[in-house]
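Novice: One letter stands for each residue in the lines below.
2 protein chains.
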Amino acid sequence: MRRSALFLPTLKENPTEAQIISHRLLLRSGMIRQTSAGIYCWLPMGFKVLKKIEQIVREEQDKAGCQELLMPTIQSAELWKESGRYNDYGKEMLRFKDRHEREILYGPTNEELMTDIFRQAVKSYRDLPKLLYHIQWKFRDEVRPRFGLMRGREFLMKDSYSFDLDYDSAKKAYNKMFVAYLRTFARLGLKAIPMQAATGPIGGDLSHEFIILADTGESAVYCDQKLLDKNPLQDSVHYESDLQEIVDSWTSHYAATDEKHDPVRCPIPTSQLVSARGIEVGHIFYFGTKYSEAMKASITTQEGQNIYVHMGSYGIGVSRLVAAIIEASHDDTGIIWPESVAPYSLGLINAVQSDAHVTKITGQIYDQLRQQNVEVLYDDRDERAGTKFSDMDLIGVPWQIIVGTKGIKNGTVEVKNRKTGQREMISQESIYAKFNNIKVGLRC
Amino acid sequence: MRRSALFLPTLKENPTEAQIISHRLLLRSGMIRQTSAGIYCWLPMGFKVLKKIEQIVREEQDKAGCQELLMPTIQSAELWKESGRYNDYGKEMLRFKDRHEREILYGPTNEELMTDIFRQAVKSYRDLPKLLYHIQWKFRDEVRPRFGLMRGREFLMKDSYSFDLDYDSAKKAYNKMFVAYLRTFARLGLKAIPMQAATGPIGGDLSHEFIILADTGESAVYCDQKLLDKNPLQDSVHYESDLQEIVDSWTSHYAATDEKHDPVRCPIPTSQLVSARGIEVGHIFYFGTKYSEAMKASITTQEGQNIYVHMGSYGIGVSRLVAAIIEASHDDTGIIWPESVAPYSLGLINAVQSDAHVTKITGQIYDQLRQQNVEVLYDDRDERAGTKFSDMDLIGVPWQIIVGTKGIKNGTVEVKNRKTGQREMISQESIYAKFNNIKVGLRC
Numbered sequence: 001m002r003r004s005a006l007f008l009p010t011l012k013e014n015p016t017e018a019q020i021i022s023h024r025l026l027l028r029s030g031m032i033r034q035t036s037a038g039i040y041c042w043l044p045m046g047f048k049v050l051k052k053i054e055q056i057v058r059e060e061q062d063k064a065g066c067q068e069l070l071m072p073t074i075q076s077a078e079l080w081k082e083s084g085r086y087n088d089y090g091k092e093m094l095r096f097k098d099r100h101e102r103e104i105l106y107g108p109t110n111e112e113l114m115t116d117i118f119r120q121a122v123k124s125y126r127d128l129p130k131l132l133y134h135i136q137w138k139f140r141d142e143v144r145p146r147f148g149l150m151r152g153r154e155f156l157m158k159d160s161y162s163f164d165l166d167y168d169s170a171k172k173a174y175n176k177m178f179v180a181y182l183r184t185f186a187r188l189g190l191k192a193i194p195m196q197a198a199t200g201p202i203g204g205d206l207s208h209e210f211i212i213l214a215d216t217g218e219s220a221v222y223c224d225q226k227l228l229d230k231n232p233l234q235d236s237v238h239y240e241s242d243l244q245e246i247v248d249s250w251t252s253h254y255a256a257t258d259e260k261h262d263p264v265r266c267p268i269p270t271s272q273l274v275s276a277r278g279i280e281v282g283h284i285f286y287f288g289t290k291y292s293e294a295m296k297a298s299i300t301t302q303e304g305q306n307i308y309v310h311m312g313s314y315g316i317g318v319s320r321l322v323a324a325i326i327e328a329s330h331d332d333t334g335i336i337w338p339e340s341v342a343p344y345s346l347g348l349i350n351a352v353q354s355d356a357h358v359t360k361i362t363g364q365i366y367d368q369l370r371q372q373n374v375e376v377l378y379d380d381r382d383e384r385a386g387t388k389f390s391d392m393d394l395i396g397v398p399w400q401i402i403v404g405t406k407g408i409k410n411g412t413v414e415v416k417n418r419k420t421g422q423r424e425m426i427s428q429e430s431i432y433a434k435f436n437n438i439k440v441g442l443r444c
Numbered sequence: 001m002r003r004s005a006l007f008l009p010t011l012k013e014n015p016t017e018a019q020i021i022s023h024r025l026l027l028r029s030g031m032i033r034q035t036s037a038g039i040y041c042w043l044p045m046g047f048k049v050l051k052k053i054e055q056i057v058r059e060e061q062d063k064a065g066c067q068e069l070l071m072p073t074i075q076s077a078e079l080w081k082e083s084g085r086y087n088d089y090g091k092e093m094l095r096f097k098d099r100h101e102r103e104i105l106y107g108p109t110n111e112e113l114m115t116d117i118f119r120q121a122v123k124s125y126r127d128l129p130k131l132l133y134h135i136q137w138k139f140r141d142e143v144r145p146r147f148g149l150m151r152g153r154e155f156l157m158k159d160s161y162s163f164d165l166d167y168d169s170a171k172k173a174y175n176k177m178f179v180a181y182l183r184t185f186a187r188l189g190l191k192a193i194p195m196q197a198a199t200g201p202i203g204g205d206l207s208h209e210f211i212i213l214a215d216t217g218e219s220a221v222y223c224d225q226k227l228l229d230k231n232p233l234q235d236s237v238h239y240e241s242d243l244q245e246i247v248d249s250w251t252s253h254y255a256a257t258d259e260k261h262d263p264v265r266c267p268i269p270t271s272q273l274v275s276a277r278g279i280e281v282g283h284i285f286y287f288g289t290k291y292s293e294a295m296k297a298s299i300t301t302q303e304g305q306n307i308y309v310h311m312g313s314y315g316i317g318v319s320r321l322v323a324a325i326i327e328a329s330h331d332d333t334g335i336i337w338p339e340s341v342a343p344y345s346l347g348l349i350n351a352v353q354s355d356a357h358v359t360k361i362t363g364q365i366y367d368q369l370r371q372q373n374v375e376v377l378y379d380d381r382d383e384r385a386g387t388k389f390s391d392m393d394l395i396g397v398p399w400q401i402i403v404g405t406k407g408i409k410n411g412t413v414e415v416k417n418r419k420t421g422q423r424e425m426i427s428q429e430s431i432y433a434k435f436n437n438i439k440v441g442l443r444c
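Read top to bottom, the protein sequences are chains A and B. Under our numbering, the first residue of the first sequence carries the number 1, and numbering increases by one thereafter. Under our numbering, the first residue of the second sequence carries the number 1, and numbering increases by one thereafter.
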């Protein structure tokens, strides 16, 4: 894409309303714009990042045998009255009436609707187990929306739901999601640590929050240094197995959020305990028959009995991840995108726009890279080189190629790695080989 | 995908609430479920079709140089008061208040919000022209939602917006969308005919509806037989040119919706005039400075003047297309999906589930086809062959492979084309070559 044609309104100044770094950088780099309090428009470059994250989340859900469907944003209040949550949910739920005075709401989550769809369709043990998910916009009417995407009102979430005959089968579903989440966050370039979370009245130990560490995190977290040293889970996984070994390899080490952490009872020595700030990016939860009983979602077992299905729900904050990745990966000059979610793999900078020869060569490089399906952002604007350098650092694409008069005389260009800052002069020809295998994000 | 694992609750009986064929078939084939009046959940197989259509729409917008972004579903009422449409829009607009009593609404369309985003970002002629689009859920509170996806309340729409310095440039944008729409509908297997539509108070001739012909269409349409005989536009297009020749080759022939048709003034002989029923699947519209004036979206020209930008908007009903394609392509036994949007390319039927040898061979065929990345739906359920045959016809995947005892003895399987009904026995080995190049829809 040529920068001159791209709809990318970057800002020169830090927007005063933005208190945290991800919010500042998202606004400054022209990725998002606020349209109402806590509600954002995704401009083309931010949208690309959002879609790449969404696609990685999707692929890992699919691999785990989770089937995608799509529930609507607007739900009937009736179902929430059935589950008993209509009154409990409070003012965060956006409630209103349609033209016929029927009570409806903008879904803040989907346990009720999913249970309703399930109970209409599935009656027999033969159709279990089932793992279903969707990726949809949700709305929570936060009293003070702030921190940009981190606590917005309209947000994109992946939520999965498991349906099983009994606890043992439900635990397998839980483990699948546990492992799928580890893989998802690893692919996003994040070190996410599963931490035991409160389960509420249901009890049990099947509730984990996935937390990434960042200095600007919303809450204090504590964990064993060994968890930070663990390699991310990127090998292929046999989802047919019970996966207990992988889950245990994480849960056997101490990790707790502020509310669960007890310095006195903490089983590891202080020297081994990491105290940091964390951002929640996922939450998995087994809740047994809570909704199936309330909403009469029963099935017939092989023995002819009627039982309530065991359920769990599993969420990932997709739009929140855009901000969380920035909180975990930036420097003083801007965003540093992991390659897997970068809006472009490579930024091409024409450092001397007024030099016809440099412009010609840069154009050739651009054309060739596009032919190789490299996602390249070509800064062809009539701007000073300094502006282009700082803009490209701000945007945070993983690689930069800088074409200047002097280099071109020697047939070379400068290649800069955004993350390490490392620069090297390489011959123009060797660019194509170097970036031939650069990961091309799926355009969708 | 194995049918036994797929969440696909087909119905044996025709649902009584469904008046038109697409609604009946979508419910019976387990593609969608109604969750409230005019609001639907997309079950996994319906969701696949929806995403494939969305992706084709997206690719053709991208080729035309239109940049994707994403506006939120919830909008502030303020913008609509600025444009003057807040009172005009009537009860179809779903209006409500947030917890702080601010007036908000669920966007039924996005001219106001897009104009607002544009005017904040673009001030100079240098940044024009711009073509922007998004694909997002919208809501119109129909007084009597009916006909399933054809007139639902929550629906998925692609809407594009063009911003230009003057009429001539705006016309080029209009032509781009005109041509992109022709290409889009052709790829969807539809014969869509652009028909001149009413432009309202603005006047001019830059408004076309894209109509597909179907016996169950919502309105009467009239057009020159020559338009039906035209080849669909599938060649590559040079979007840099003005495209006028392609546009003229369509608009030079008579085509009118009921409200525009005048039998007396109709310039072609009755023998050449086709009278049929039509379904609107797209609408393109140039509206000049209507919104830019009302909302003060001005830019500075090269000469230093302030002028209002010329705008157009261009819609495609993405979720409506799922129904429209079925209306245009079905028979007495079920849906006939065009290959480009079929949920699976191929249905594999084990006709004798009780026969261990047949089951083993069918399983081998399934594994091999999956390795070839063919999207195959394998009916491995413990059901009668007749049930599987009628289910597969209902679902409407383009090809069926039927594996039975007799054929397997001779090393052959039956291949059936869903559309033509043609059947042939071919050797088991030749399946793999035959379906090696079958189009694999993008999984996203």
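Errors might be hidden in some of the hints.
The list cannot tell twin chains apart, which means a pair is met if one copy fits it or any two copies do.
Once the Cα atoms are required to be at most 25 Å apart in a straight line, the calculated DSS-like pairs of lysine-lysine come out as [unchecked claim]:
#1 K130 <-> K226
#2 K296 <-> K12
#3 K138 <-> K91
#4 K123 <-> K12
Source of the hints: derived by calculation from the structure; they are not laboratory data. A quick note: this is a predicted structure, and the numbers were derived from the prediction, not measured.
Novice: I want to check one pair: K130 and K226. Are their C-alpha atoms no more than 25 Å apart within a copy, between two copies, both, or neither?
Specialist: neither (34 Å within a copy, 52 Å between copies)
Novice: First find the shortest C-alpha distance between K138 and K91 inside one copy, then the shortest across copies, and answer within, between, both or neither for a cut-off of 25 Å.
Specialist: Classified as both: same-chain Cα gap 15 Å, cross-chain 24 Å, threshold 25 Å.
Novice: Between K296 and K12, at a C-alpha cutoff of 25 Å, which is it: within one copy, between copies, both, or neither?
Specialist: For K296 and K12, only the inter-copy Cα distance (24 Å) is at most 25 Å; the intra-copy one is 57 Å.
Novice: Please work out whether the CA atoms of K123 and K12 approach to 25 Å or closer within one copy, between two copies, in both situations, or in neither?
Specialist: Between. Shortest inter-copy distance 15 Å satisfies the 25 Å Cα cut-off; intra-copy 59 Å does not.
Consistency with the previously given hints fails for number 1 only.
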